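If you follow the hints, you should be able to join the two separate chains into one complex; please do so.
Residue numbers (the numbering used here), protein chains in the order written: chain U, 1 to 47; chain Z, 48 to 272.
Partial selection, computed: residues in chain U whose CB lies under 8 Å from chain Z:
#1 Lys2
#2 Ser6
#3 Ala9
#4 Ile17
#5 Leu32
#6 Asp35
#7 Ile36
#8 Ser42
None of these hints come from the bench; they were simulated from the model. Being a predicted model, the structure only gives us computed values, none of them experimental. Backbone N, C-alpha and C fix where the C-beta goes; we use that ideal spot for every residue, glycine too.
What follows is the residue order along each chain.
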Amino acid sequence: MKNLDSVFAAYLIGWGIFFVYFLSVARRTSALREDIERLKSSLNRSK
Amino acid sequence: MVRQVIAAVVVLLLMAFAAYAALFVAPTERSMGVIQRIFYLHVPSAWTAFTAFFICFLANLQYVFRRQPRWDWLAVASAEVGLAFTTVVLVTGPIWAHPVWGIWWTWDARLTSTFVLWLLYVSYLLLRTLIEEPDRRALLSALFGIFAFIDVPLVFGAIRWWRTQHPQPVILGAPGSGLHPTMRAVLFFCWIAMLGLMTLLLRQRYQLEAMRAELDIVRRESEAA
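Here chain Z stands alone, though its shape is the one from the complex (with noise of 0.2 Å):
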């Protein structure tokens, strides 16, 4: 419990260094202004979303040879912490671009692909609720947790891939594109400041999935009683 307390308070603080790092550290730039200071929430939050489904396809890789529980707890922790990254994704987005687009959204490559990766992960968890029998709920989620997988290299491909409204990378681009320096550290530090917030919650969910199977356990030995 204590460690637990730690590791929040931990998380905490590198959530506002990375908060203050965004807002006043890095310089600004220089065509849209203060309004791309959003840059620092939105592609760290991607970025971990990302991170967060591809830990959920190799636990559901692994629950598909393996069939232990542990892995189906840590998918449909995984896959949870990573709608709630990608939600801030679609809510941040459109924030930035009506100043710098003029609309809140448009039917691009990179925003649909994305939109339909939330979907995707949405539809892992509402298929979850609709499953009574525990196994056969675990398989057939991990099968479609692999599948909904796919989305994730086409919502990082679409803006390389295609033309989009959406700006073109910045990290890992074409030649000539990349950042100043500062806004560079600045876009890493916030990064792994999301990527210990993701740890803490993806625990904290892991730890619900195991006491649902320890409840499982108990009401069973409670009706044989």
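Excised from the complex, chain U in its bound form (with noise of 0.2 Å):
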């Protein structure tokens, strides 16, 4: 069938990109989780 490929390349670069932001959120919330938990930590270490 003539462009099937780019059919087939349109969805995986589309889900491609929903996929690499839902990662980059994740990312950025456990790297700003464990910032949270270190700054608590320390905060109560010099309480």
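Take a look at the structure:
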């Protein structure tokens, strides 16, 4: 079928963009969670 | 956590069914052939981006009038999610256009206004990185976000008001326009799947912004200690 490769490319790239964005949010969230825990524990130690 | 995992699985299943319906259930369009199946990713992504930017617009208005940080968090979350969907629109459009028009891109009213929309929300996110003070950052970006939303009706109306290379609308279009009932059903199902994905991403991104605010409070406490 003509242009079937373009259709699959569009779907792969589209899904890829959503997946990469989801991973980026998850990575930023986990980095931030670590920062909060680290700051909280250093705050508790200094009290 | 369990609820989030269930929500993610439901959205993933919806997206998989939507892709299956787009590729195997919808009938093949007569003049363009199989390449027209990009329509079921391209159009619902655009509608979902408009939905996210509308949420951003409402949240910005709420922030301007109420000055509560949660509206700022929702605004930035929906702007970023809307930008991801607009990126998909801008990438899938040329892949569809090339075999049909013989060109990847043209500066017609619909394509240009969509690209400007993408630039406006990139600018919105960049503006936020330039202002340190949280209240000032939230207010200025809310005002900019309200201004940026003006482009959404322009993108919507571009193919209705001006002659464009981009096809005329098949939903809410001129008399005589329309879609095969199965195509319309698949299109709306794909949009529902995309809205599910948008809700999931928006929730995650909102939590991230709420955590940033928590981190600011803990930082201030640690500096005071």
